[in-house]
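Colleague: Sequence:
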Amino acid sequence: MPRFLAFLLLGSVAASVTEKEEFISVWPEKPVVEFGGSVVINCSSNCDGIGIESNLDQVPAGNGRTWKAFNLTSVEEWAPTPSCYAQCTSNIKPPRAVITVYRAPEHVAMDPVPEMEVGKAYTWSCRVSNVAPIRNLTITLLKAGEKVLAKTFESHAEAKAGDAVLRHNVIAEQADRGKELTCHAALDLRPDGPLLEKTSSSEALAAVVFSSDPHLEAPLSMETNTTMAVHCHVSGVFPAEEAQFDLQFAGKSWNLSTSVSGSSVSAQALVSSSSTGEHTLLCTVSLGRVSRRVEKTVNVYSLPRPSLETDLPRVLANESVLLTCRCSKTCSSSIKMQISDSKQILATGHAPTVQFRMTARQDHDGREYVCHATLNIHGQLVEKKTSLRLTVYYGAWMDNLSCPDTLTWRENSDETFNCSAWGNPLPTVECRRGDKPFRIGVQQRIYREHHGLYKCTATNKYGFDVRTVTVHVEPAHLNILAIAIPTVLALAVLGALAAYYMYYRKHKIRKYRLKQQQQRRRQQQLQQRAAEEKCLNGNAQAENV
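Numbering-wise, the sequence shown is residues -15 to -1, 1 to 530 according to mature numbering (1 follows the signal peptide of the UniProt record, and there is no 0).
A few of these clues could be false.
Restricting the straight-line Cα-Cα distance to at most 25 Å, the calculated cross-link-like pairs of lysine-lysine (DSS-like) are [to be verified]: (1) 164 <-> 128; (2) 369 <-> 446; (3) 105 <-> 128; (4) 145 <-> 237; (5) 440 <-> 421; (6) 164 <-> 132; (7) 15 <-> 132; (8) 183 <-> 132; (9) 369 <-> 314; (10) 145 <-> 183; (11) 128 <-> 183; (12) 105 <-> 164; (13) 183 <-> 136; (14) 164 <-> 183; (15) 321 <-> 370; (16) 328 <-> 370; (17) 183 <-> 237; (18) 78 <-> 15; (19) 370 <-> 314; (20) 328 <-> 369; (21) 132 <-> 105; (22) 136 <-> 164; (23) 281 <-> 237.
Distance ranges between label pairs, derived from CB positions [claimed, not checked]: (24) 476 <-> 421: 43 to 49 Å; (25) 284 <-> 370: 20 to 26 Å; (26) 205 <-> 38: 52 to 58 Å.
By construction, these hints were calculated from the structure, which means they are not laboratory data. Note that this is a predicted model, so its numbers are computed, not measured. The C-beta atom is built at its ideal place from N, Cα and C for all residues, glycine as well.
The whole structure should be built from the sequences, with the hints applied where relevant.
Modeller: Next comes the structure, spelled out in structure tokens:
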């Protein structure tokens, strides 16, 4: 709102100027804008056709009788100088606005001190990265909050963002122990712009024992978007429990887990990267302000899994088919590619594609083809592959192996009529004797009427085949041994039954006769007893009379 009021004020001032005095003016003359931001420029004139000339994107932001405002958006030039123009009769030089494009200090950090011992010199460095314009930058080194050294960069003429470094040689003293060092960066754009300040993290000075450099264990190569285990350890330090590790890889810091054993300290981490190329793996071990670092260069490679495809949606026998082994657009041309089958390498080339053309045969059906993508990383071959099992379609056909032309069977035996065919898709097979179909693959009893000729037809989507099968049925012969054995067995069974019957009859009749004799004797005894009782009763009656 204040800027818009200023535009109105400038417009009213311009209107008060005599019509005869032609003029063109720009406001503000020295605007300040952050990189990627936008700024409003006002062009004023008592001439017609007021406009602005600039490579930047512009959007109208208001106008009056003698002025127009333009919003320059997405300012991504480091030193743009838009000019205002108008259609004046006099030769007026178009005024320009000198825009200061700035970028606040992105990162302010002090370099780790490689080693600090009392009485020895070391370099105290501060780095300010990705800042613009550097000529407006001031870097100040402070110890315990007091300024030790300050440096400006007025002579730096380049307007685009860059890095600035301030170094200072100092000698460690006993009194410095525990004092905090900081680095302060100030980007001063006043009076037309802001004052942007940033301070590094503070670090306390301390005299410590650091007798050996750290050791870094990590592979020399890794694949993008995978994790890599990193091990950093140091020995001969005191106090070991105060050792601090910092691991930098692919532009970022990584979390570590540490362990202490005596005067040795170890740290482990899992790192990854999504960008290819050589990246620095940096491990820094610090004790107070004494630091040691070790680094390795890790080659981060990208090896996408290749694809293998054919140019035909459906491959027919005797057709020409093209196998294409393809890598994605991100594949490096240094990736070697091959197409192979189980027997040999068929084609070799480099990414992104390698091809192999062949005539499809029936024996290719079901054969596996493999697409290999191989990358040489420091003498170590890394490979990824994709396989394709080719399906070849062909018409039905039969041979003596699938459907024999002659079959010999024996009468009264159980046989199965087997007749199949080759083809893809699997053919259907039908066999007939005359006008009657004959069952295939089913066991059945063979009789003399099965003798004769059978016509078998195999059919699928891509063709058919006909085959004549001759069936011979041999008559059955009398087998004396087969008859004699059952007869002997039957006679033996009958003899055993007869012997058992005679034994049973003799034994049972004897028991029956003995029982009859016992019953007769008992009846005689009963009759004799009855007669005696009758006689006694008769004598008693005579005496009573």
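Colleague: Decide, hint by hint, whether the structure agrees.
Modeller: Now for the hints, and whether the structure bears them out:
1. 164 <-> 128: holds, 7 Å
2. 369 <-> 446: violated, 38 Å
3. 105 <-> 128: holds, 17 Å
4. 145 <-> 237: Status holds; Cα separation ~24 Å.
5. 440 <-> 421: Given that 25 Å is the threshold and the Cα spacing comes to 10 Å, the pair holds.
6. 164 <-> 132: holds, 13 Å
7. 15 <-> 132: Violated. Residue 15 to residue 132 sits at ~32 Å, over the 25 Å cutoff.
8. 183 <-> 132: holds, 15 Å
9. 369 <-> 314: holds, 16 Å
10. 145 <-> 183: Within the cut-off at roughly 19 Å; holds.
11. 128 <-> 183: holds, 16 Å
12. 105 <-> 164: Holds. Residue 105 to residue 164 sits at ~17 Å (cutoff 25 Å).
13. 183 <-> 136: Holds, at about 15 Å.
14. 164 <-> 183: holds, 20 Å
15. 321 <-> 370: Roughly 12 Å separates the two Cα atoms, so the pair holds.
16. 328 <-> 370: Holds, at roughly 16 Å.
17. 183 <-> 237: Holds. Residue 183 to residue 237 sits at ~20 Å (cutoff 25 Å).
18. 78 <-> 15: Holds, at about 18 Å.
19. 370 <-> 314: Within the cut-off at roughly 17 Å; holds.
20. 328 <-> 369: holds, 19 Å
21. 132 <-> 105: holds, 21 Å
22. 136 <-> 164: This hinted pair holds, its Cα atoms lying about 22 Å apart.
23. 281 <-> 237: holds, 15 Å
24. 476 <-> 421: 43 to 49 Å: holds, 46 Å
25. 284 <-> 370: 20 to 26 Å: holds, 21 Å
26. 205 <-> 38: 52 to 58 Å: holds, 54 Å
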